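Q: One line per chain: the protein sequences are A and B, in this order.
Residue numbers for the first sequence follow the working numbering, so the first one is 1 and each next one is one higher.
Residue numbers for the second sequence follow the working numbering, so the first one is 1 and each next one is one higher.
To be clear, the hints were calculated from the coordinates, so they are not data collected in a lab.
A quick note: this is a predicted structure, and the numbers were derived from the prediction, not measured.
Any given hint might turn out to be false.
Unchecked claim - Taking lysine-lysine pairs in the DSSO-like style, the calculated list, with each CA pair at most 30 angstroms apart, reads:
hint, chain 1, residue 1, chain 2, residue 2
1, A, Lys311, A, Lys268
2, A, Lys373, B, Lys29
3, B, Lys230, A, Lys311
Listed below are the residues making up each chain.
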Amino acid sequence: MAALLKVEGLKKSFGGVIALRDARFELEAGTVHALCGGNGAGKSTFLSILMGIYRRDAGKIWRNGQEVEFSSPAEALASGIAIIEQELSPIPQMTVAENIFLGREPPGRFGGVDFRKMNAAAQTILDDLGFAISSTRHMYSLSVAQAQLVEIAKALSHEAEVIFMDEPTSAIGHREAHQLFAVVQRLRAQGRGIVYVSHRLSEIFDVADRYTVFRDGAYVDSGLLADVDRAHLIRMIVGREMSEEYAKINTPSDEEGLSVAGLTSPGKIDDISFTVRKGEIFGIYGLMGSGRSEIFDCLFGLDRPSKGEVKLFGKPVSFAAPAQAIAAGVALVTEDRKLTGLNLTDSIRRNISLVSLRDLSPNFVVNSGREAKASRDTINRFSILVGRDVDPVSSLSGGNQQKVVLGKWFLRNPRVLLLDEPTRGVDVGAKREISRIVGDFAAAGGTVVMISSEIDELLGVADRIMVMRDGRAVDVLDRSQATAEKLVHLSV
Amino acid sequence: MTHPANRAQTVSEQPAAKAQRVDAAEVAKRIVREYGIYLAFVILVVVLSFANKYFLTQSNISNILLQTSINGVLAFGMTFVIITGGIDLSVGSVVALAGIVSASFATTSPQATVAGGPYPVFVALIVGVLVGSASGAIIGPIVARFNVPSFVATLGMLSAARGLTLIYAGGRPVPALIPQYRWIGNGSVFGVPAPVVIFAAIFLVCWFVLARTRFGRYVYAVGGNARAAKTSGINVVAVRFAVYVISGGLAGVAGMLLAARTGSALTQAGIGYELDAIAAVVIGGISLSGGIGRMTGALIGALIIGVMNNGLDLMGIESYYQQVLKGMLIVGAVMLDQRRNQGG
Numbered sequence: 001m002a003a004l005l006k007v008e009g010l011k012k013s014f015g016g017v018i019a020l021r022d023a024r025f026e027l028e029a030g031t032v033h034a035l036c037g038g039n040g041a042g043k044s045t046f047l048s049i050l051m052g053i054y055r056r057d058a059g060k061i062w063r064n065g066q067e068v069e070f071s072s073p074a075e076a077l078a079s080g081i082a083i084i085e086q087e088l089s090p091i092p093q094m095t096v097a098e099n100i101f102l103g104r105e106p107p108g109r110f111g112g113v114d115f116r117k118m119n120a121a122a123q124t125i126l127d128d129l130g131f132a133i134s135s136t137r138h139m140y141s142l143s144v145a146q147a148q149l150v151e152i153a154k155a156l157s158h159e160a161e162v163i164f165m166d167e168p169t170s171a172i173g174h175r176e177a178h179q180l181f182a183v184v185q186r187l188r189a190q191g192r193g194i195v196y197v198s199h200r201l202s203e204i205f206d207v208a209d210r211y212t213v214f215r216d217g218a219y220v221d222s223g224l225l226a227d228v229d230r231a232h233l234i235r236m237i238v239g240r241e242m243s244e245e246y247a248k249i250n251t252p253s254d255e256e257g258l259s260v261a262g263l264t265s266p267g268k269i270d271d272i273s274f275t276v277r278k279g280e281i282f283g284i285y286g287l288m289g290s291g292r293s294e295i296f297d298c299l300f301g302l303d304r305p306s307k308g309e310v311k312l313f314g315k316p317v318s319f320a321a322p323a324q325a326i327a328a329g330v331a332l333v334t335e336d337r338k339l340t341g342l343n344l345t346d347s348i349r350r351n352i353s354l355v356s357l358r359d360l361s362p363n364f365v366v367n368s369g370r371e372a373k374a375s376r377d378t379i380n381r382f383s384i385l386v387g388r389d390v391d392p393v394s395s396l397s398g399g400n401q402q403k404v405v406l407g408k409w410f411l412r413n414p415r416v417l418l419l420d421e422p423t424r425g426v427d428v429g430a431k432r433e434i435s436r437i438v439g440d441f442a443a444a445g446g447t448v449v450m451i452s453s454e455i456d457e458l459l460g461v462a463d464r465i466m467v468m469r470d471g472r473a474v475d476v477l478d479r480s481q482a483t484a485e486k487l488v489h490l491s492v
Numbered sequence: 001m002t003h004p005a006n007r008a009q010t011v012s013e014q015p016a017a018k019a020q021r022v023d024a025a026e027v028a029k030r031i032v033r034e035y036g037i038y039l040a041f042v043i044l045v046v047v048l049s050f051a052n053k054y055f056l057t058q059s060n061i062s063n064i065l066l067q068t069s070i071n072g073v074l075a076f077g078m079t080f081v082i083i084t085g086g087i088d089l090s091v092g093s094v095v096a097l098a099g100i101v102s103a104s105f106a107t108t109s110p111q112a113t114v115a116g117g118p119y120p121v122f123v124a125l126i127v128g129v130l131v132g133s134a135s136g137a138i139i140g141p142i143v144a145r146f147n148v149p150s151f152v153a154t155l156g157m158l159s160a161a162r163g164l165t166l167i168y169a170g171g172r173p174v175p176a177l178i179p180q181y182r183w184i185g186n187g188s189v190f191g192v193p194a195p196v197v198i199f200a201a202i203f204l205v206c207w208f209v210l211a212r213t214r215f216g217r218y219v220y221a222v223g224g225n226a227r228a229a230k231t232s233g234i235n236v237v238a239v240r241f242a243v244y245v246i247s248g249g250l251a252g253v254a255g256m257l258l259a260a261r262t263g264s265a266l267t268q269a270g271i272g273y274e275l276d277a278i279a280a281v282v283i284g285g286i287s288l289s290g291g292i293g294r295m296t297g298a299l300i301g302a303l304i305i306g307v308m309n310n311g312l313d314l315m316g317i318e319s320y321y322q323q324v325l326k327g328m329l330i331v332g333a334v335m336l337d338q339r340r341n342q343g344g
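Take these sequences, add in the hints, and give me the full structure.
A: Take a look at the structure:
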C-alpha cells in the first residue's frame, strides 16, 4: 500500500536564506508520526508547503502514491490534508458552530444558512470528541484552551485522512491535553495518519509511534520511537558537530554590571535573579513563551515588574520608559526586527540614527551632516551591504537588516547590551559577524545578556547560561558544564 | 524586488559602460517614482496654459493661490496626523469654531462681541489659534492614551465642535469684523495677498519641522512602526498628542483666514473642508497607513486641486463635473501610489 503522504528532496529559500535544503518524510496510515527539530530546523516551512501556503523550490510530494502540488490551502484540504495550527485564527464575534463550518455552512431557505442544522452538527462533533463546549457560544467568550479545542474540532470536522498538529498543546492545560491524546489515539485506530509537531519530548514519547528529525532544513533520521531513547533523540535534534565559528574573545571581569534580584511580573516571569559581570556574555535559553523576552521588557521599561530589584553597576535603577533605560546606557535588540526593531517604511540611514537623534541634533534640528557620517561609520563598522543608505531598509536582506538594528544601538555606545535572538533568520556569514561584534563589545568591558534558541550559538558565545521554563529560572550553567543535552533537558 | 545590495554588487562586476547605462535607467525610474506628482502638476499647468490664455496671468495665479491657501493650511496639519498613521476629521468644524470665537473678539457688533470688545487684532488671532489647538489637545489624549481610533475620536469632535460653534454664537453669524482683522484675509504684502503670504510661511515652517527636526523624525517613526519607535525610546504618546494639537492649531488659522476674507464668521463655515484637506494629502502621495510622505506632497496636492478647479472654471465647465473629476483624481493618485509601492 502506498504511503498516505510521501515527500522527497523538498527545498525552499526566502531571499538568500535557505529554510529547507532537503526535507524527506513518509507517513503511513494508522500511525502518529512525530516531526522533531529545533527552532529553525524548517518544520514550519515544511508544513506551510504541504498546506499550499508556500510554493516549493524543488522536491516531490506524493499523496496515496500520486504526485501532487497544492497552490492553496483549499486544495490541500480537498485532498484530505488538514492542519491544527499553533497560532489560532478564530473569528471572535462568531459562534463556535459558525467558526467550525466557516466557508461550508449548510444552506437553508432563500439562500440563507440553516443555523439549526449547523449548530446541531457542530455540537455532535464536539460531543464525539468529548469537549464540553456549547456550539452556540461566541468564540470570544471561550478561554484560550477551549478555543484551541474548537480549532482541533474544526480541523477534524473536515474528515481529513492526514492531520497535521503543530504544537497543539502549547496553549492548553493538562486535562485538555489528555482529551486531545485520546482523540489522537482514536484517529489512529480509524487508520488516519497524524503528523505531530511538538517541542515537548515527553509528549512525543507518550503519543507518537514514529519520528522524523529535521535539522538546519534537512532530513536527519527517522524510525520507530520504541527504538530510541530521549537522550538519543535530543542528540539528533541538536546535532553533534559544534561549529568553530564562535571564537571566544571576552573574559568576564570581577566588576558587577547588571544585577537582577527577585524580578517578578505576574503571569509572565516569577522571581528571576541573576548577576552579569562587566565583560561577560550571559546567555538565556528557553522555549518560546518561557518568559525569556519578558525579562527584557521589565529591564528596559517596557513592562513594570511587580516585584524585584535591578541594579546597574551597583546602583539601583527603575525604568518607567525605554527612554530612561537608553539614557542609562542600556540597549535592547528586540526579538522581531520587523515588529519592534525597524521602521520598514523608512531609509537605512534614518533607522540607524533613530535612537541617537538627541545626540545628533542638540538644537532640535537634525544635523544632517553628522547623521550621514554616523550612518556611513556604522555601515563600515558592521560591513552592512547597502547600495545607498537612503534606500529603504526593507530592501536589505535579513542579515543586513539585523546588522542595521545592532548598528543603531551601538551608535549610542551602550554599556549594557540586551540581545533577544540577535541572529534569528540570519545566514551563517552574518551570524559569525554578529557574534564577533558582540564578542568585541564584551571584550572591551561591555555587559551582555543574550537570549537565544540556538544552542550552538549560546554554547559558543556565552560564559554562563540561564535556562528558563514556564516563567522561572530553572538553573544557571557555567560554560564548562553546559551541554546541548542539559539545556534541552532543563527547558522541557 | 531587487535588493540594492545585490544591485551594487552586480553593477561593480559589470563593465563600466554598461553599469552607467543601468544606472541611468535606474535614476530615470527613480525620478518618475519619487517626483511623478510634481511632473503631473507641471503637465497640468502647461496644458491649462495652452487651453486658456487667461490662466497664466498674474491675477489668475494670485487667485489660485488665494483659493488654495485655506485648504493648504489644513492639509499641512493633516499631513502630520496622517504620517503618524491617524486621521483628523474634525478640522472642518474646528475652522468654524475657531473662526467664530476669534471673530467675537474682533467684532464691532454689540450683539456678537465678547464683553469689552473689540480687542486688538492680535488678541483675536491668538484666541483663534488657542481654540484650534485646544480642540486638538482634547483629541490627542483620547487617541494617544486611550487608544480610540483617530477616525472615531475626530468624528466625535467634528460633531461636537460644530455644536459648540452654534451654542457659542447662539446660531447667528459674527458680522462686522474690525478692518485690521479683515486685512489678514484681504490685504496684501508687496502685491501678494496676505492669505498667500501666511500660507507660504506656514508651509515653510511645517516643511522644516517635518523634514529637518527631531520631532519630524519621531512623527515618521511613530507612523512607520509605533512599537519600534517606543523601543527606541520615543515618547509615542507625546508625539501623537502633538500632531493633533498642530492640526487643530492650523485649523484655527484656517478658520480665521476664512472669517477675515468674508468679513464675518459663519456657523456653517468649513463644512466638508476635512475631506478636501485629506484629498490634497492623498494626492500628494502621503500614505494613509502612515510613515510615508512629505510636506511638499501636501503642497502640490493642494495646488493640484486648486489649479484643477480654477482651470475647469475658466473653461466654463460646471462645478458638478469638477466634483466628479476630483473624485477620479483622488482615486487615480492612490492607485498609482499602490502600483509604485508594489512595483518599486
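Q: For each hint given before, does the structure comply? Return the numbers of the non-compliant ones in rising order.
A: When the structure is compared with the hints, none of them turns out to be violated.
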